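Enquirer: Protein chains in written order, with this note's numbering: chain L, 25 to 254; chain Z, 7 to 241.
There's no promise every hint is true.
Unchecked claim - With the C-beta cut set under 10 angstroms, the calculated list includes, among others, these residues of chain L facing chain Z:
id	residue
1	Lys194
2	Ala228
3	Met233
4	Val239
Bear in mind the hints are in silico, worked out from the structure with no lab data behind them. Quick caveat: nothing in here was measured; it's all calculated off a predicted structure. Even glycine gets a Cβ: it sits at the ideal position worked out from N, Cα and C.
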Amino acid sequence: MFDFDVLLPDTLSILSAVPLTLALAATIFVLSTIIGSLFAFIEQRRVPVLRQGVVAYKVVFKGVPMVIVIFLAYYGVPPALQFLTTLFGLEYNAHSLPNWILLVIALTACVSAFQAEIVKGALNSFDRGQADAAYSLGYTGGQMFRRILFPQVILAAIPDLANSVMVIMKALSLGFAIEVIDIFAQAQLTAALNYYYLEAFVVAVVIYMVIAYLVTFSADRAEKALRLRM
Amino acid sequence: MNLSEMLPELILALPLTLAIMFVALIAGFFLAVLATTFRIRRVPVISQLADLYVSYARSVPVVLQLFVAFYGLPVLVALFEISDFFSPNVAAMLGLSLYHGGYLSEVMRPAYLAVDRGQHDAADSLGYGFRQKIFRVVGPQAVHIALPGYGNALIYLIHNVALVMYIGAADVMATAHLVMQRHYNQYQFETYLLLAVIYSLLCLVAWLIVRFFERRSPMYASAERQVKMPLMANV
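Given only the sequences and the hints, what does the whole structure look like? Please build it.
Expert: Laid out in structure tokens, this is it:
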């Protein structure tokens, strides 16, 4: 049955995995936003061959479940890297690559496709007339980007970006398959030590819901603050 | 790797995978309708519970939801003194239904609210009851708005069916693991590529079906206002 006495020690044990999970999520978020913006830029500018490549990339990574992408990275990236290192004659054993790096690679690859969509949507919400007005006032391209385009685009993208932070947090839970210890995996380990499975998982559920609440709350606050300044 | 040997084995596991998916699809739909109704009508305590349920389904990883269903159901059932009849497959169906229902509710509610305010008022002023208003005026328009979001929810459901192997349901992924182990884990990358193709094809079929209805649905819509929803992963 449900035992309330183990909740406190379980909570302390599972909370110890929160900083690592957040750090991994932040890394993946930054990397995937950069790559996604690049994709959105390619699509916006209609760069010939690259554009078709981006479309194909998005189709592939949206159709395949993330678990499978993680396993593909786990079994596919080290041999590929090994091949490259031997090709360039480097002394590095690619099979010693830590698992968390493989998880970061896999999730960045997946989330980039979605981030590209978010950035593209935000760019579409931008009124081109404002860019024309800025150029007619003699703004350079960089100035236009910094003063006109970026502040509006980032504001339009905040809710979706907050959502993708949560998606990354949740996707990290798939890392337990390749032995990366995030909140969920820590809950499993804690439960395996004292056999109180349901209790540990309920604690993990609460932790995830609190994090989700904090993320949406701070995104709302950020959006309001930025809107006031404009 | 011998494809002709492996593929039939995986295809034999497909019916159970699809059964889990369809149960989640149908049960999730009704759960979503129920949750959305409570949230829209703002029934005191129940609507807060529905809100809590939706945020549980949306902010907790699906693997964790599956484990909660797997370990939680026997406890819940024991409270009512029913003997434990749960297999991993039943737990997988229930876990995914709960997940899909909560996710879908967050597609339905914005669609309902996106229908023009005037349409609600017109129906109210003509003396329509809540049910009449939903079925005759707001519902058909909301369906049109909700379809892209529903397509996304369907694709996430297919993606997340791949996770049920972790609680021991014998779906395509679990079968693939068995096959791989039988071959001394030699062909893992190739096997996962094959799985990727299978799941992509399932998603493609789902997407084509939804798009067929998306093309048809504008005949119910008062205006061409379809909420654009970016396909955002959900695991």
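Enquirer: Confirm or reject each hint.
Expert: Here's how the hints hold up against the structure:
1. Lys194: 4 angstroms, holds
2. Ala228: Since the shortest Cβ distance to chain Z is 6 angstroms, the answer is holds.
3. Met233: Holds - the Cβ of L/Met233 comes within 10 angstroms of chain Z, reaching about 5 angstroms at its closest.
4. Val239: 9 angstroms, holds
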